[in-house]
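K.L.:
With these hints in hand, go ahead and build the complete structure from the sequences.
Taken in sequence, the protein lines are chains A and B. Letter by letter, the first sequence follows residues 3 to 427 in this note's numbering. Letter by letter, the second sequence follows residues 4 to 189 in this note's numbering.
For the record, the hints were derived by calculation from the structure and aren't laboratory data. Just to be clear, a hint being listed does not mean it is correct.
What the hints assert, rightly or not - Distance ranges between label pairs, derived from CB positions:
#1 B:E17 x A:P148: 38 to 48 Å
#2 B:D140 x A:R415: 24 to 34 Å
#3 B:Q24 x A:A224: 35 to 45 Å
#4 A:R160 x B:D58: 33 to 43 Å
#5 A:P74 x B:V53: 26 to 36 Å
#6 A:D372 x B:Q24: 30 to 40 Å
#7 A:D138 x B:R160: 35 to 45 Å
#8 A:H416 x B:Q24: 55 to 65 Å
To be verified - Below are the EDC-like pairs computed for lysine to aspartate or glutamate, each with C-alpha atoms no more than 16 Å apart in a straight line:
#9 A:K46 x A:D232
#10 A:K276 x A:E266
#11 B:K21 x A:E181
#12 B:K142 x A:E96
#13 A:K276 x A:D321
#14 A:K183 x B:D34
#15 B:K142 x A:E128
#16 B:K142 x A:E5
#17 A:K233 x A:E302
#18 B:K142 x A:D127
#19 B:K103 x B:E150
#20 B:K79 x B:D117
#21 B:K21 x A:D158
#22 A:K183 x B:D58
#23 A:K183 x B:E63
#24 A:K228 x A:E266
#25 A:K248 x A:D232
#26 A:K197 x A:D70
#27 A:K37 x A:D154
#28 A:K248 x B:D146
What you are looking at is a predicted structure, and each value in this text was computed from that prediction instead of being measured. Glycine included, C-beta positions come from ideal geometry on N, C-alpha and C.
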Amino acid sequence: MAERRGSFGDQPQHLLYESKAGGYTALRKALFDMKPVDLTNEVKTSGLRGRGGAGFATGVKWSFINRDAPGPKYVVVNADESEPGTAKDRYILENSPHMVVEGILIAAYAVGANQAWVYIRGEYDEPSRMLTEAIDEARAKGYIGPQPMGKDYPLDIRLYRGHGAYICGEETALLESLEGKRAQPRSRPPFPAVKGAWGRPTLLNNVETLATVPWIINNGGAAYAKLGTDKSPGTRLLTVSGNVRKPGVYEVEIGQTFRHVIMELAGGPPEGRKVKVFWPGGSSAPVLPESMLDVTTDAEALAAARSMAGSGGVIVMDDTHCVVRAAHRLLKFYAYESCGKCTPCRVGGDWAVRTYERILANQGSQVELDTLQRVSDGLQNGRCLCGLGDSAGWVIDSTLRHFREEYEDHALRHECNVGAVPANA
Amino acid sequence: MSALSSQVLEEIKELPAKYPQPRSAVMPALDLAQEELGHLTPEAMSEVAVALQLDPGYVEGVATFYSLFHLEPTGKHRFYVCTNLSCMLRGANEIVAHVKQSIGVTHAEQVSADGLFSYEEVECLGACEFAPMMRLDHKYHYDLTTERVDQLITERRAPTPLTPTLSPGGERERKPRAPRKKKADG
Ligand SMILES: Cc1cc2nc3c(=O)[nH]c(=O)nc-3n(C[C@H](O)[C@H](O)[C@H](O)COP(=O)(O)O)c2cc1C
Ligand code: SF4
Ligand code: FES
Numbered sequence: 003m004a005e006r007r008g009s010f011g012d013q014p015q016h017l018l019y020e021s022k023a024g025g026y027t028a029l030r031k032a033l034f035d036m037k038p039v040d041l042t043n044e045v046k047t048s049g050l051r052g053r054g055g056a057g058f059a060t061g062v063k064w065s066f067i068n069r070d071a072p073g074p075k076y077v078v079v080n081a082d083e084s085e086p087g088t089a090k091d092r093y094i095l096e097n098s099p100h101m102v103v104e105g106i107l108i109a110a111y112a113v114g115a116n117q118a119w120v121y122i123r124g125e126y127d128e129p130s131r132m133l134t135e136a137i138d139e140a141r142a143k144g145y146i147g148p149q150p151m152g153k154d155y156p157l158d159i160r161l162y163r164g165h166g167a168y169i170c171g172e173e174t175a176l177l178e179s180l181e182g183k184r185a186q187p188r189s190r191p192p193f194p195a196v197k198g199a200w201g202r203p204t205l206l207n208n209v210e211t212l213a214t215v216p217w218i219i220n221n222g223g224a225a226y227a228k229l230g231t232d233k234s235p236g237t238r239l240l241t242v243s244g245n246v247r248k249p250g251v252y253e254v255e256i257g258q259t260f261r262h263v264i265m266e267l268a269g270g271p272p273e274g275r276k277v278k279v280f281w282p283g284g285s286s287a288p289v290l291p292e293s294m295l296d297v298t299t300d301a302e303a304l305a306a307a308r309s310m311a312g313s314g315g316v317i318v319m320d321d322t323h324c325v326v327r328a329a330h331r332l333l334k335f336y337a338y339e340s341c342g343k344c345t346p347c348r349v350g351g352d353w354a355v356r357t358y359e360r361i362l363a364n365q366g367s368q369v370e371l372d373t374l375q376r377v378s379d380g381l382q383n384g385r386c387l388c389g390l391g392d393s394a395g396w397v398i399d400s401t402l403r404h405f406r407e408e409y410e411d412h413a414l415r416h417e418c419n420v421g422a423v424p425a426n427a
Numbered sequence: 004m005s006a007l008s009s010q011v012l013e014e015i016k017e018l019p020a021k022y023p024q025p026r027s028a029v030m031p032a033l034d035l036a037q038e039e040l041g042h043l044t045p046e047a048m049s050e051v052a053v054a055l056q057l058d059p060g061y062v063e064g065v066a067t068f069y070s071l072f073h074l075e076p077t078g079k080h081r082f083y084v085c086t087n088l089s090c091m092l093r094g095a096n097e098i099v100a101h102v103k104q105s106i107g108v109t110h111a112e113q114v115s116a117d118g119l120f121s122y123e124e125v126e127c128l129g130a131c132e133f134a135p136m137m138r139l140d141h142k143y144h145y146d147l148t149t150e151r152v153d154q155l156i157t158e159r160r161a162p163t164p165l166t167p168t169l170s171p172g173g174e175r176e177r178k179p180r181a182p183r184k185k186k187a188d189g
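P.N.:
Written as structure tokens, this is what we have:
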């Protein structure tokens with residue numbers, strides 16, 4: 003069993019139950035007691051929203067696939083997990099791989115696919131091994147194969163390993179990569195549901211999304227919808243990292259406050275320090291200052307706070323760290339990971355990094371602050387083909403918005419008032 | 004005399020049939036090549052291209068896009084130290100400094116004099132709750148301290164002498180990896 007840190011929550015333990023190869027009760031129910039359209043409807047009723055980042059309604063996405071269209075259709079599982087601050091898919095794959103396998107099989111049957119592909123990031127050796135073992139076990143038990151559980155409906159799952167590129171998490175870049183190409187996002191339409199992997203109708207879902215499906219089929223969509231909030235039902239896994247005493251992956255019922263998650267579940271910041279800022283949904287989610295710890299974890303509350311639920315990666319930074327340096331580090335990430343297809347992202351990222359470097363070398367002025375704001379504006383609002391550009395813009399924009407003074411200390415007064423790290427270190 | 008063994012080339016030729024379209028075999032094929040040679044030489048990429056009936060420029064275009072493909076020699080053991088935010092907040096930069104000093108290199112992707120080690124600073128490896136962390140070859144190591152790094156290095160220096168199958172770069176200076184997008188072709 004893999005090393006774990008975190009908890010299944012003092013709250014409902016719905017997601018991380020131990021699904022063993024002997025289980026698969028949801029698959030049995032799906033194959034023998036329900037029609038494919040019932041499965042999709044059950045997921046619609048649950049209100050489950052995608053856990054990969056965009057939060058799209060899962061049942062609705064399933065219904066976009068024309069089950070009766072002739073020819074092959076695919077389920078592609080996004081196990082590329084590369085969003086900074088996010089580790090929950092690794093956690094699920096290492097601890098409950100059968101739950102993922104079962105979810106994949108149910109989804110495939112629901113949308114009329116016989117073949118599923120799991121695109122897993124290349125660095126995930128241990129999760130790949132766990133998932134492969136689970137697939138082999140399920141195959142040995144007769145749950146995967148030409149006649150799963152005796153049903154005349156072939157089902158198969160195969161792995162495809164990534165090779166180190168954040169952009170492969172973006173769904174159309176992932177499909178390009180799966181087809182053996184450089185992972186540059188496609189323009190949409192056509193959407194993957196119509197023309198996805200190898201030009202065929204494709205359902206693309208995140209690991210955690212699919213891992214939630216067996217519970218929904220076992221207990222009913224209505225039971226799931228009762229958890230969480232009206233518009234963001236259920237539980238989800240939050241990865242809490244950074245300056246907290248008990249970093250870990252915590253399952254929470256959606257709608258808890260970040261104060262609960264950060265201060266209670268994760269034990270708050272180290273002795274004598276204060277939370278300064280947190281990223282509520284991976285590095286791509288605009289930052290929130292300490293004063294907004296009472297914002298709740300549902301997508302609606304986060305949108306009202308001008309951020310987003312994203313990948314559920316909660317990164318906490320305490321008052322011994324400098325916001326400008328943190329933003330600089332993240333911009334280096336986005337600039338490096340830009341696939342280079344659109345100009346604002348390709349050029350803007352580098353501009354931002356160079357500007358941060360001037361500021362951190364005490365060569366900044368009002369010009370640099372204005373440049374950052376302009377670069378940030380240029381990256382946002384649909385000027386880029388995919389979400390990576392927006393994300394880079396949001397890091398700049400949200401840190402500037404909430405921590406203007408810290409930026410001005412650096413750029414205008416050439417000092418860092420945070421203490422732990424001098425500005426030019 | 005080809006760069007890749009005939010056995011690996013045979014394996015590569017069997018890959019395309021495993022995918023709905025043959026092109027998907029390019030990355031698994033490059034994996035096999037890299038496994039055999041330690042890194043992807045131009046000869047290896049062109050042999051992969053021939054085996055898969057692809058243009059060698061295309062194969063190189065794919066290889067240069069993904070950071071896990073190495074186009075230059077690496078150490079026998081590779082440190083991939085995460086320096087993204089969650090790890091940085093818990094001391095990743097000190098870990099990088101310690102790794103560099105301990106293996107005796109001045110910059111990323113330089114191979115140590117004994118050919119045993121090289122390091123890279125990498126983006127988030129998806130294990131942020133164990134920060135600071137790194138991947139060493141194919142295994143994750145968590146809650147890193149300088150002592151732990153020393154221990155891992157000692158273990159790898161001690162047991163067996165370096166097998167001469169790899170061509171270590173020695174102290175030769177090498178350029179850092181060019182940013183991925185600079186090689187964008189479209
Ligand atoms: C730059 C970028 C990176 C992404 N990375 C991931 C990722 O690592 N894992 C993931 O599941 N989704 C990621 N997404 C979201 C996917 O594009 C897609 O929305 C998701 O996988 C769909 O699955 P879901 O509906 O189950 O959430 C990313 C999106 C963007 C724009
Ligand atoms: S926004 Fe950036 S990563 Fe996305 S397609 Fe454009 S250049 Fe590529
Ligand atoms: S930031 Fe280092 S593993 Fe995620």
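K.L.:
For every hint, state whether the structure bears it out.
P.N.:
Structure-based check of each hint:
1. B:E17 x A:P148: 38 to 48 Å: violated, 22 Å
2. B:D140 x A:R415: 24 to 34 Å: With Cβ atoms ~46 Å apart, the hint is violated.
3. B:Q24 x A:A224: 35 to 45 Å: 42 Å Cβ-Cβ, so the 35 to 45 Å window holds.
4. A:R160 x B:D58: 33 to 43 Å: violated, 27 Å
5. A:P74 x B:V53: 26 to 36 Å: holds, 29 Å
6. A:D372 x B:Q24: 30 to 40 Å: This hint is violated: roughly 49 Å between Cβ atoms.
7. A:D138 x B:R160: 35 to 45 Å: holds, 36 Å
8. A:H416 x B:Q24: 55 to 65 Å: holds, 56 Å
9. A:K46 x A:D232: holds, 13 Å
10. A:K276 x A:E266: Given that 16 Å is the threshold and the Cα spacing comes to 14 Å, the pair holds.
11. B:K21 x A:E181: holds, 12 Å
12. B:K142 x A:E96: holds, 14 Å
13. A:K276 x A:D321: holds, 6 Å
14. A:K183 x B:D34: holds, 15 Å
15. B:K142 x A:E128: Satisfied, since the Cα-Cα distance of roughly 8 Å is no more than 16 Å.
16. B:K142 x A:E5: holds, 13 Å
17. A:K233 x A:E302: holds, 8 Å
18. B:K142 x A:D127: holds, 7 Å
19. B:K103 x B:E150: Distance ~14 Å between K103 (chain B) and E150 (chain B) Cα, so the pair holds.
20. B:K79 x B:D117: It holds: about 10 Å lies between the C-alpha atoms, which stays within 16 Å.
21. B:K21 x A:D158: Satisfied, since the Cα-Cα distance of roughly 13 Å is no more than 16 Å.
22. A:K183 x B:D58: Satisfied, since the Cα-Cα distance of roughly 13 Å is no more than 16 Å.
23. A:K183 x B:E63: holds, 11 Å
24. A:K228 x A:E266: Not satisfied, since the Cα-Cα distance of roughly 24 Å exceeds 16 Å.
25. A:K248 x A:D232: violated, 30 Å
26. A:K197 x A:D70: With Cα atoms ~15 Å apart, K197 (chain A) and D70 (chain A) stay inside 16 Å; holds.
27. A:K37 x A:D154: The hint holds at about 14 Å.
28. A:K248 x B:D146: Judged against 16 Å, a Cα distance of about 12 Å means the pair holds.
This entry does not satisfy hints 1, 2, 4, 6, 24 and 25, going by the numbered hints stated previously.
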